[in-house]
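J.: Next come the chains, spelled out residue by residue.
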Amino acid sequence: MKSARRTPRPLALATATLLGLPLFISACGATPAASSSENVTEISVMDYYNNEPDKSFIGDALSSCGAKAGVTIKRETVPGKSLISKVLQQSSSKTLPDVLMLDNPDLQQIAATGALAPLSDFKVSTEDFAEGVLSAGTYKDKVYGLAPTVNTIALFYNKDILAKAGVTPPTTWDELTAAAAKLTAGDQYGLAFNANPTYEGTWQFLPVMWSNGGDEKNIDTAETAQALELWTGLVKDGSVSSSALNWTQADVKDQFLAGKAAMMVNGPWQIPALDKQPSLHYDVVKIPVREAGQTAVAPLGGEVWTVPQTGNKASQAKAAEIVACLNSDEQQMSMAKARNTIPSKTTLADKFAAENPKLATFTELIKTARARTGELGEKWPAQATKIYTAIQTALTGKASPADALKQAQGQ
Amino acid sequence: MSLTTDASRTAPRAGKSRTASATSPAGGSEKPPPRRGTRARRERIFQWLFLVPAVAYMALFFGYPVVKNLVMSFQDYTTATFFTGEAPWVGLANYAAVLSSSLFSTSLLNTALFTLGSILGQFGIGLALAVFFQRKFPLNGILRSLLLLPWLLPLIVSSAVWRWILDKDSGALNRFLGDLGIIHTGVPWLTSTSLALIAVVGVNIWIGIPFNLTILYGGLQEIPDELYEAGSLDGATGWTAFRHITWPMLRPVVSVVLVLGVVYTLKVLDIILGLTNGGPANSTQTIATQSYDLSFHEFKFGEGAALGNALVVISLVFAVLYLRASRRAVDE
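Top to bottom, those sequences are chains C and A.
The opening residue of the first sequence carries number 8 in our numbering; numbering runs sequentially from there.
The opening residue of the second sequence carries number 0 in our numbering; numbering runs sequentially from there.
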C-alpha cells in the first residue's frame with residue numbers, strides 16, 4: 008500500500024528534473040559572464056590551434072603574456088570547423104571568452120554582430136602593421152582584431168625536377184603554362200593547385216585574379232576571365248590533374264611530396280611537412296603574373312586576436328593587454344619563426360627575411376597582401392561562393408570561363 | 000525525427016513489454032485499497048504521469064527545434080541575431096529566394112536521383128545477401144557480422160577512405176581496374192560531372208547495405224520453415240518459392256525498410272560533404288548539403304532553415320507512408 012502511493016514520487020521527481028535540467032544548464036552557463044569587476048586574476052581564451060605543434064607555440068606565447076599581465080590563462084582550443092558555431096552559441100548565451108581568436112575573413116562577420124570591442128577603446132597600438140593585416144582586422148573604420156603573424160600562398164617548385172627538365176621557375180603566365188606542360192610526364196603533373204567547391208578553392212584562385220586586376224565586387228570582368236582561362240587552360244592541357252576539383256591544400260601538398268607534381272600553389276604552413284622529407288629539394292617563388300611588370304597580389308591569411316564584449320570592463324582591459332602583448336615585436340618574431348608564418352609588422356620584415364631565408368618570398372608578399380574581406384566585409388562569404396562556383400563550372404567545361412563568371416555573378 | 004519513429008518501431012516488442020511490466024506492479028498493488036470513487040481519478044492522473052516524460056522529451060527535443068526552425072525560416076536570421084537577439088520578420092522572402100534560385104532544381108533532381116539510386120542498390124543487394132545468408136554454410140555468422148562493418152565505421156572515416164580509393168590518379172580503384180586492363184586512363188570518379196553522383200550513390204549503397212541486410216534477414220527468419228516444406232512438396236523451389244512464399248511473407252518488412260531508407264537517405268549530409276563537398280560544379284549538391292552550406296558557410300540561417308523545411312516536408316510525406324505501411328503490417 009505504501010509502495011503504491013510512493014511510486015509516483017520518483018517519477019514526478021524525474022519529470023521535474025527532466026523539465027528543469029535545460030534551465031539549470033543554461034543558468035550554469037550564464038554565470039561566468041557576470042563576475043565582479045574587482046581584481047582580475049584569470050583570463051579565458053578561445054582559439055582553434057588544437058593540433059601540435061601550433062597548440063604549444065600559441066600556448067607558450069599566451070602564458071608568457073599572461074604572466075606579464077599578472078593573470079592566469081584559462082585556454083580552450085576547439086577544432087577549426089566548429090569555432091564559428093561555438094562563437095555564435097556563446098554570443099547568444101553571453102559566455103564569450105575574454106580573448107577570442109578568429110580566422111581573419113570571419114572577423115568582420117563577428118564584429119558586425121556587435122560582439123567585439125574596438126581595440127582603440129583600450130589604446131592598443133595598431134602602428135607599423137601591414138595594410139592588408141589592418142584592413143582584415145577593421146570593421147567600419149575601427150580595428151577589432153590584430154594578427155601577430157600572417158601567411159599567404161606562393162609557388163613551390165621541386166628543384167631537382169625543374170633542373171632535370173631544364174626549366175627555370177616561371178614568372179609570367181605564359182612561362183607557367185609552358186613550364187607546367189614541359190614538366191608533365193607519365194604520372195607526374197607539372198603543377199598542382201586546389202579548385203574545390205569551398206572557400207579554399209576561392210583562396211587559391213585569388214592571386215591570379217587580383218594580380219591581373221580582377222576584383223571581387225564584380226567577377227564578370229575581362230581581367231577575372233583571363234585569370235580563370237589560365238586555370239582552365241592548365242587543366243585542359245593536362246598539366247594540372249582534374250582532381251584539383253576535389254583536392255584540399257593538404258592533398259596538393261601530398262602530391263608535391265610524392266613527386267607527382269613538379270610545382271604547387273601552397274602556403275608556408277606546409278614547410279614542416281616538406282622538410283620532413285630530406286630527399287625533397289624545393290624553393291618558393293611568387294605566383295606568376297600575366298605580364299612582366301604586374302605586381303603580384305597575394306591573399307592574406309592568418310588569425311586575428313580580439314576582445315569580445317563580455318560586459319566586464321576590468322577583464323576586457325586585461326584581455327586587451329594580452330592581445331597587445333601577443334602582437335609585440337618580440338612575440339611576432341618568435342611566433343613567426345616557430346610557426347613558419349610572417350610577422351605582420353612591416354618594420355620587422357627585413358630582419359625576419361634575413362634570418363629566415365625560406366620565408367623570404369612570403370615576407371615580401373605580405374607587404375602588398377590583400378585581405379579577403381577588405382572590400383566586401385561581411386558580404387565576402389556570398390561572393391566567395393560565387394567565385395568557387397564559377398571556377399568549378401569553368402573547370403568542368405560546363406561553360407566558358409567568361410560565361411561561368413557571368414552566370415555566377417548574376418546568381 | 001525519423002530516429003525516434005525508427006527506434007520505437009523497430010523494437011515494438013521491447014517497448015510493449017517494458018510498459019507492460021511497468022504498469023502491472025502498480026496496477027496490482029493498487030487493487031487492495033478500494034477507496035471510494037477517487038480510484039478512477041487517481042488512475043487517470045497516473046495515466047497522465049506516465050505520459051509526461053515522453054511528452055516533455057518530445058516537446059523539448061523535437062517540438063522546440065521544429066518550431067524554432069519554422070520561425071527562423073520566416074526571419075532574416077543572421078550572425079548578428081545570436082548576439083542581439085533581433086531577427087526581423089521577412090515573411091516568405093526566404094522561401095522565395097531559395098525556391099527561385101537556379102540551384103534549387105539541380106539540388107532537387109540530385110536529391111531524387113541520389114535517394115532513388117541509393118535505395119534501389121541498398122535494397123537489391125541487401126535482399127540478395129539476406130536470402131543468401133538464409134542458407135546454412137560454414138562461416139555464415141562471421142561473414143554476416145563482417146558485412147556490418149560499414150555500419151560501424153564513423154561516416155567521416157568511410158568517406159575519407161572512399162575519397163582516397165576513388166581518386167583519379169592514385170586511387171586504389173583506378174589502379175585495380177588499370178591492372179586488370181579494363182581502363183587505360185584514370186577515371187575521374189569524383190571530379191567528373193557525369194560520374195560524381197554515381198560514385199557518391201555507390202558509396203552510400205555500400206554504407207546502407209548492412210541496415211537493409213539486417214532488417215530483411217530478420218524478416219526472413221520469421222517465415223516458418225513449414226511453408227517452404229509444403230511448397231517444395233508442391234514443386235515450389237528456388238525462384239518460385241521466393242516469388243510465391245518469401246516475397247509475400249516479407250512484404251510488411253519490405254515496406255518498412257524502404258520507407259525508412261528513403262527518410263534516412265534524403266537527409267544524408269556527411270558522406271557527400273566528405274566525398275565531394277557538393278561538387279564538381281554542384282553535380283552532387285542535394286537539398287541537405289545546400290541547406291547546410293547556406294546556414295553554416297554563408298551564414299544565411301533563414302534561407303538555410305527554409306530549405307531545411309522543404310526537406311522536412313518531403314520526409315514527412317514518406318513518414319506518413321511509413322506509418323500507414325507499418326499499421327497495415329500490424330493489422331496483417
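Careful: at least some of the hints might be erroneous.
[As the list claims (entries may be wrong)] Restraint-style ranges between C-beta atoms, simulated for each label pair:
{"id": "1", "chain 1": "C", "residue 1": "T48", "chain 2": "A", "residue 2": "L151", "range": "43 to 53 Å"}
{"id": "2", "chain 1": "C", "residue 1": "K88", "chain 2": "A", "residue 2": "W238", "range": "48 to 58 Å"}
{"id": "3", "chain 1": "A", "residue 1": "L320", "chain 2": "C", "residue 2": "A280", "range": "45 to 55 Å"}
[To be verified] With a straight-line cut-off of 35 Å between C-alpha atoms, the simulated DSBU-like cross-links for lysine-lysine are:
{"id": "4", "chain 1": "C", "residue 1": "K147", "chain 2": "C", "residue 2": "K224"}
{"id": "5", "chain 1": "C", "residue 1": "K166", "chain 2": "C", "residue 2": "K147"}
{"id": "6", "chain 1": "A", "residue 1": "K266", "chain 2": "C", "residue 2": "K413"}
{"id": "7", "chain 1": "C", "residue 1": "K243", "chain 2": "C", "residue 2": "K62"}
{"id": "8", "chain 1": "C", "residue 1": "K171", "chain 2": "C", "residue 2": "K93"}
{"id": "9", "chain 1": "C", "residue 1": "K405", "chain 2": "C", "residue 2": "K62"}
{"id": "10", "chain 1": "C", "residue 1": "K93", "chain 2": "C", "residue 2": "K166"}
{"id": "11", "chain 1": "C", "residue 1": "K147", "chain 2": "C", "residue 2": "K358"}
{"id": "12", "chain 1": "C", "residue 1": "K393", "chain 2": "C", "residue 2": "K413"}
{"id": "13", "chain 1": "A", "residue 1": "K67", "chain 2": "C", "residue 2": "K81"}
{"id": "14", "chain 1": "C", "residue 1": "K405", "chain 2": "A", "residue 2": "K266"}
{"id": "15", "chain 1": "C", "residue 1": "K393", "chain 2": "C", "residue 2": "K130"}
{"id": "16", "chain 1": "A", "residue 1": "K266", "chain 2": "C", "residue 2": "K93"}
{"id": "17", "chain 1": "A", "residue 1": "K67", "chain 2": "C", "residue 2": "K88"}
{"id": "18", "chain 1": "C", "residue 1": "K130", "chain 2": "C", "residue 2": "K224"}
{"id": "19", "chain 1": "A", "residue 1": "K135", "chain 2": "C", "residue 2": "K93"}
{"id": "20", "chain 1": "C", "residue 1": "K166", "chain 2": "C", "residue 2": "K81"}
{"id": "21", "chain 1": "C", "residue 1": "K320", "chain 2": "A", "residue 2": "K67"}
{"id": "22", "chain 1": "C", "residue 1": "K374", "chain 2": "C", "residue 2": "K358"}
{"id": "23", "chain 1": "C", "residue 1": "K365", "chain 2": "C", "residue 2": "K243"}
{"id": "24", "chain 1": "C", "residue 1": "K243", "chain 2": "C", "residue 2": "K88"}
{"id": "25", "chain 1": "A", "residue 1": "K135", "chain 2": "C", "residue 2": "K147"}
{"id": "26", "chain 1": "C", "residue 1": "K171", "chain 2": "C", "residue 2": "K283"}
{"id": "27", "chain 1": "C", "residue 1": "K62", "chain 2": "C", "residue 2": "K88"}
{"id": "28", "chain 1": "C", "residue 1": "K320", "chain 2": "C", "residue 2": "K101"}
{"id": "29", "chain 1": "C", "residue 1": "K81", "chain 2": "C", "residue 2": "K267"}
{"id": "30", "chain 1": "A", "residue 1": "K266", "chain 2": "C", "residue 2": "K386"}
{"id": "31", "chain 1": "C", "residue 1": "K101", "chain 2": "A", "residue 2": "K266"}
{"id": "32", "chain 1": "C", "residue 1": "K88", "chain 2": "A", "residue 2": "K266"}
{"id": "33", "chain 1": "C", "residue 1": "K93", "chain 2": "C", "residue 2": "K344"}
{"id": "34", "chain 1": "C", "residue 1": "K393", "chain 2": "C", "residue 2": "K189"}
{"id": "35", "chain 1": "C", "residue 1": "K393", "chain 2": "A", "residue 2": "K135"}
{"id": "36", "chain 1": "C", "residue 1": "K283", "chain 2": "A", "residue 2": "K67"}
{"id": "37", "chain 1": "A", "residue 1": "K67", "chain 2": "C", "residue 2": "K101"}
{"id": "38", "chain 1": "C", "residue 1": "K386", "chain 2": "C", "residue 2": "K189"}
{"id": "39", "chain 1": "C", "residue 1": "K386", "chain 2": "A", "residue 2": "K135"}
{"id": "40", "chain 1": "C", "residue 1": "K358", "chain 2": "C", "residue 2": "K405"}
The set of hints was computed from the structure by calculation and includes no laboratory data.
Source: prediction; values computed, not measured.
Using N, Cα and C, we set each Cβ at its ideal position, and we do this for glycine too.
J.: If a hint holds in the structure, say so; if it does not, say that too.
T.: To see whether the hints hold, each was checked on the structure:
For the hinted restraint 43 to 53 Å between C/T48 and A/L151, the CB-CB distance of approximately 47 Å keeps it satisfied. Checked against the hint of 48 to 58 Å, the C-beta distance between C/K88 and A/W238 comes to roughly 51 Å, which is consistent with it. About 51 Å separates the C-beta atoms of A/L320 and C/A280, a value consistent with the hinted range of 45 to 55 Å. About 18 Å separates the Cα atoms of C/K147 and C/K224, which keeps this hinted pair within 35 Å; it holds.
Simply put, C/K166 and C/K147 have alpha-carbon atoms about 45 Å apart, too far for the 35 Å limit, and the pair is violated. Proximity of A/K266 to C/K413 is assessed by CA-CA distance (about 32 Å); at most 35 Å being required, the pair is judged to hold. Proximity of C/K243 to C/K62 is assessed by CA-CA distance (about 41 Å); at most 35 Å being required, the pair is judged violated. The hinted pair formed by C/K171 and C/K93 fails the criterion: a straight-line CA distance of about 50 Å is larger than 35 Å.
For the hint pairing C/K405 with C/K62, the CA-to-CA distance comes to about 43 Å; that exceeds 35 Å, so the pair is violated. For the given pair, C/K93 sits about 43 Å from C/K166 by alpha-carbon distance, which is inconsistent with the 35 Å threshold. As the CA atoms of C/K147 and C/K358 are separated by approximately 33 Å, the hinted pair is consistent with the 35 Å bound. Between C/K393 and C/K413, the direct Cα distance comes to roughly 10 Å. Compliance with the 35 Å bound is thereby established for this hinted pair.
Proposed proximity of A/K67 and C/K81 is supported: the alpha carbons are some 34 Å apart, at most 35 Å. Note on C/K405 and A/K266: the hinted pairing holds, with a Cα-Cα distance of about 27 Å set against a maximum of 35 Å. The hinted pair formed by C/K393 and C/K130 fails the criterion: a straight-line CA distance of about 38 Å is larger than 35 Å. Taken as a hint, the A/K266 and C/K93 pair is honoured in the structure, with Cα atoms around 23 Å apart against an allowance of 35 Å.
Between A/K67 and C/K88 the alpha-carbon distance is near 24 Å, which keeps this suggested pair within the 35 Å criterion. For the given pair, C/K130 sits about 33 Å from C/K224 by alpha-carbon distance, which is consistent with the 35 Å threshold. Straight-line distance between C-alpha atoms of A/K135 and C/K93 comes to about 53 Å, which puts the hinted pair past the 35 Å bound. About 45 Å separates the Cα atoms of C/K166 and C/K81, which puts this hinted pair outside 35 Å; it is violated.
For the suggested pair C/K320 and A/K67, the alpha carbons sit about 34 Å apart, so the restraint of at most 35 Å is met. Simply put, C/K374 and C/K358 have alpha-carbon atoms about 14 Å apart, close enough for the 35 Å limit, and the pair holds. At roughly 32 Å between alpha-carbon atoms, C/K365 and C/K243 fall within 35 Å of each other, so this suggested pair holds. About 33 Å separates the Cα atoms of C/K243 and C/K88, which keeps this hinted pair within 35 Å; it holds.
Simply put, A/K135 and C/K147 have alpha-carbon atoms about 74 Å apart, too far for the 35 Å limit, and the pair is violated. Of the pairs offered as hints, the one joining C/K171 and C/K283 holds, with about 23 Å between alpha carbons and a cut-off of 35 Å not exceeded. A C-alpha spacing of about 16 Å is found between C/K62 and C/K88, which places the hinted pair at or below 35 Å, so the restraint holds. Using a Cα cut-off of 35 Å, the hinted pair C/K320 and C/K101 holds, with the two alpha carbons roughly 15 Å apart.
About 44 Å separates the Cα atoms of C/K81 and C/K267, which puts this hinted pair outside 35 Å; it is violated. For a cut-off of 35 Å, the pair hint linking A/K266 to C/K386 stands: about 28 Å separates their Cα positions. A threshold of 35 Å between alpha carbons decides the hint, and for C/K101 with A/K266 the separation of about 32 Å falls inside it, so the pair holds. Of the supplied pair hints, the one linking C/K88 and A/K266 holds, its CA atoms being roughly 21 Å apart against a limit of 35 Å.
Of the pairs offered as hints, the one joining C/K93 and C/K344 holds, with about 30 Å between alpha carbons and a cut-off of 35 Å not exceeded. Distance hint between C/K393 and C/K189 is fulfilled; the C-alpha atoms sit about 32 Å from each other, no more than 35 Å. Of the pairs offered as hints, the one joining C/K393 and A/K135 is violated, with about 57 Å between alpha carbons and a cut-off of 35 Å exceeded. At roughly 50 Å between alpha-carbon atoms, C/K283 and A/K67 are farther apart than 35 Å, so this suggested pair is violated.
Distance restraint check for A/K67 and C/K101: the Cα-Cα separation of roughly 20 Å lies within the 35 Å cut-off, and the hinted pair is therefore satisfied. For the hint pairing C/K386 with C/K189, the CA-to-CA distance comes to about 41 Å; that exceeds 35 Å, so the pair is violated. Distance restraint check for C/K386 and A/K135: the Cα-Cα separation of roughly 63 Å exceeds the 35 Å cut-off, and the hinted pair is therefore not satisfied. A threshold of 35 Å between alpha carbons decides the hint, and for C/K358 with C/K405 the separation of about 48 Å lies outside it, so the pair is violated.
The structure fails hints 5, 7, 8, 9, 10, 15, 19, 20, 25, 29, 35, 36, 38, 39 and 40 (numbered hints given earlier, in ascending order).
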